[in-house]
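> Take a look at the letters that make up each chain.
There are 2 protein chains.
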Amino acid sequence: MPSTTPPFAGTRVLVTGGAGFIGSNLAIALVERGATVRVVDAMLPGYGGNLFNLEPVKGRVAVEVADIRDAQAMARAVKDVEIVFHLAGQMDHVLSLTDPFPDIDINIRGTTVLMEALKHHNPGARVVYTGTRGEYGSADSLPVAEDAPTNPRGLHEISNLAAAKIIEMYGHVHGIKGTMLRLSNIYGPRGQMRHSRYGVVNWFVRLALDGATIPVFGDGTILRDFLYVDDCVEAILLAAGSDAAVGTLLNVGGGEPTTFREVAETLSSIAGARWAFAPFSAERKAQEPGDFYSDVSKIRRLLGWQPQTPLKTGLERTLAYYRESRARYW
Amino acid sequence: MPSTTPPFAGTRVLVTGGAGFIGSNLAIALVERGATVRVVDAMLPGYGGNLFNLEPVKGRVAVEVADIRDAQAMARAVKDVEIVFHLAGQMDHVLSLTDPFPDIDINIRGTTVLMEALKHHNPGARVVYTGTRGEYGSADSLPVAEDAPTNPRGLHEISNLAAAKIIEMYGHVHGIKGTMLRLSNIYGPRGQMRHSRYGVVNWFVRLALDGATIPVFGDGTILRDFLYVDDCVEAILLAAGSDAAVGTLLNVGGGEPTTFREVAETLSSIAGARWAFAPFSAERKAQEPGDFYSDVSKIRRLLGWQPQTPLKTGLERTLAYYRESRARYW
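Here the protein sequences come in this chain order: R and H. Numbering of the first sequence is given in numbering that gives the first Met the number 0, commencing with residue 0 and proceeding in unit increments. Numbering of the second sequence is given in numbering that gives the first Met the number 0, commencing with residue 0 and proceeding in unit increments.
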């Protein structure tokens with residue numbers, strides 16, 4: 000796969016949310032490929048931003064603490080870049096059930112502030128947006144392709160859907176070239192580990208490293224397509240480098256459906272983790288969409304991308320990362 | 000059709016945007032059916048609110064000038080009502096191309112403020128939301144049914160789609176019973192007439208009454224399903240009174256596809272209006288989705304509703320209304 004990655008040497012890029020989980024992995028990959036990388040991150044407390052995430056490229060990325068809702072900051076941030084990777088956002092779907100306004104303000108209004116900045120100051124830049132498979136809601140049939148109905152089950156997912164539609168619209172109406180991705184459950188190094196409200200696999204990893212019991216909800220047979228973050232970064236880079244991806248919506252998922260039980264069992268076998276079945280809370284149940292895995296044939300066909308990292312390998316790398324750097328994340 | 004309308008005698012209802020075009024017609028119909036009607040309208044300059052719209056029910060509706068973005072005002076407004084008709088919104092899709100923020104703030108955030116008020120203060124109330132056929136964007140095939148893809152072409156239409164998804168979500172997650180309507184091109188008495196950025200048919204009526212030439216864009220053969228406002232009100236009332244409509248999305252359209260040229264010709268025959276072909280402006284072209292008419296078989300099946308008013312009759316009534324009350328609208 001690395002052979003298919005477009006060259007980024009000398010390319011000027013902006014990564015919003017670049018101190019966060021996927022954003023920082025992306026920023027590091029871009030620096031390694033020779034890009035000139037500018038990161039903006041609002042570093043909101045409780046969110047995913049962690050400056051330690053960018054340690055491997057310290058001094059080789061320009062980091063500005065700025066909020067995508069700040070029009071003046073965004074006007075500066077988009078200046079002279081060729082690609083904008085838009086990853087900043089409110090990511091906590093549980094929070095969105097009790098307080099819907101951060102999603103509206105950050106994910107919808109903030110995305111619009113960013114797109115307005117591009118429209119006025121740099122309409123020629125490419126945009127890649129990372130939405131969520133939650134934009135689909137429950138799967139009517141499996142695997143879920145890009146033309147499936149969108150019935151998002153929470154404000155967070157609605158805000159991602161709206162943001163993607165907004166970026167698509169700036170393409171139609173204002174000619175800004177965007178690609179809208181819908182990511183499935185991403186896991187790996189550099190995700191925040193202080194609370195359990197982001198990725199479930201990373202939370203399982205924390206519990207394993209803490210020697211705590213991993214709760215597997217229901218009977219553990221619910222299916223997801225978990226994807227290792229490096230594979231996700233590869234998909235984002237390919238999307239940014241491809242004309243075929245302009246104006247297009249693409250699923251980025253693990254391809255192979257896997258049960259939560261299988262994740263727990265793998266962590267048990269490679270790290271001695273304990274796990275046990277646990278009942279669904281009412282709140283969790285209301286948000287639980289049942290089996291879900293993405294059809295990734297469109298991105299394979301268009302960009303030649305497919306997941307490379309088996310679950311066991313990805314979990315081993317994730318465990319190793321957090322064993323090493325635990326003090327920066329716990 | 001009136002025989003199928005549910006009785007509203009003694010029912011306490013709230014109409015947001017109730018001084019606007021459809022909202023005021025709805026409020027009047029509700030008063031006539033014996034409902035206790037509370038109207039809130041922000042009366043924003045340049046929007047559709049006009050207190051003269053409520054003249055026929057003066058003293059028989061409680062009108063509060065309040066904004067749906069005001070949480071305290073909404074907490075008061077939803078108190079003790081059994082049905083909330085949510086019609087308030089930013090309606091100008093041309094404005095949304097240059098300034099996307101009013102749509103986000105009013106239509107998305109405002110709708111959420113209203114739904115939070117219901118969640119906290121009156122979760123048992125029914126909600127009926129009036130979105131737009133613009134949520135679909137261009138028609139992939141005709142007529143357009145409720146399960147068609149949604150590819151809205153402007154921020155205004157995206158904001159309506161998001162608002163509908165939000166109301167649907169408050170149903171799933173918080174148990175609030177909502178019905179989401181998608182209205183096609185509504186025309187008739189009580190629409191604002193100061194600018195041309197709302198309904199095209201009402202604007203044609205103004206031009207006819209002004210003795211100005213009606214511009215028919217392109218070759219005039221683009222199809223729409225125009226619907227007279229009384230028929231629209233009937234659909235809204237039926238939706239509010241039906242358990243079958245809870246959690247459901249319903250098209251409300253004219254049923255019969257009609258060309259813009261036919262509208263102009265009808266106005267010519269009944270009011271001596273002049274009309275002429277006119278070229279599309281670039282901006283109008285970018286927003287023009289081509290032929291569009293809704294499939295209204297779902298609402299017919301579920302609620303027994305169908306359009307009753309022929310175009311000629313609707314235009315005659317509209318002309319008569321504005322001839323009479325022109326000074327209040329021009």
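Don't take every hint at face value.
In this list, chains with the same sequence are indistinguishable; a pair is considered to hold if it fits within one copy or across any two.
Claimed, not checked - Lysine-lysine pairs mimicking DSBU-like chemistry, simulated, CA-CA at most 30 Å apart: (1) K57 with K284; (2) K78 with K57; (3) K297 with K57; (4) K176 with K118; (5) K311 with K78; (6) K311 with K176; (7) K297 with K78.
Hint data in this document are derived by calculation from the structure and do not stem from the laboratory.
> State for each hint whether it applies.
Here is what the structure says about each hint:
| no. | hint | verdict |
| --- | --- | --- |
| 1 | K57 with K284 | neither (42 Å within a copy, 48 Å between copies) |
| 2 | K78 with K57 | within (22 Å within a copy, 55 Å between copies) |
| 3 | K297 with K57 | neither (36 Å within a copy, 59 Å between copies) |
| 4 | K176 with K118 | within (11 Å within a copy, 39 Å between copies) |
| 5 | K311 with K78 | neither (41 Å within a copy, 55 Å between copies) |
| 6 | K311 with K176 | neither (37 Å within a copy, 45 Å between copies) |
| 7 | K297 with K78 | neither (32 Å within a copy, 49 Å between copies) |
Hints 1, 3, 5, 6, 7 from the earlier list are contradicted by this structure; the remaining hints agree with it.
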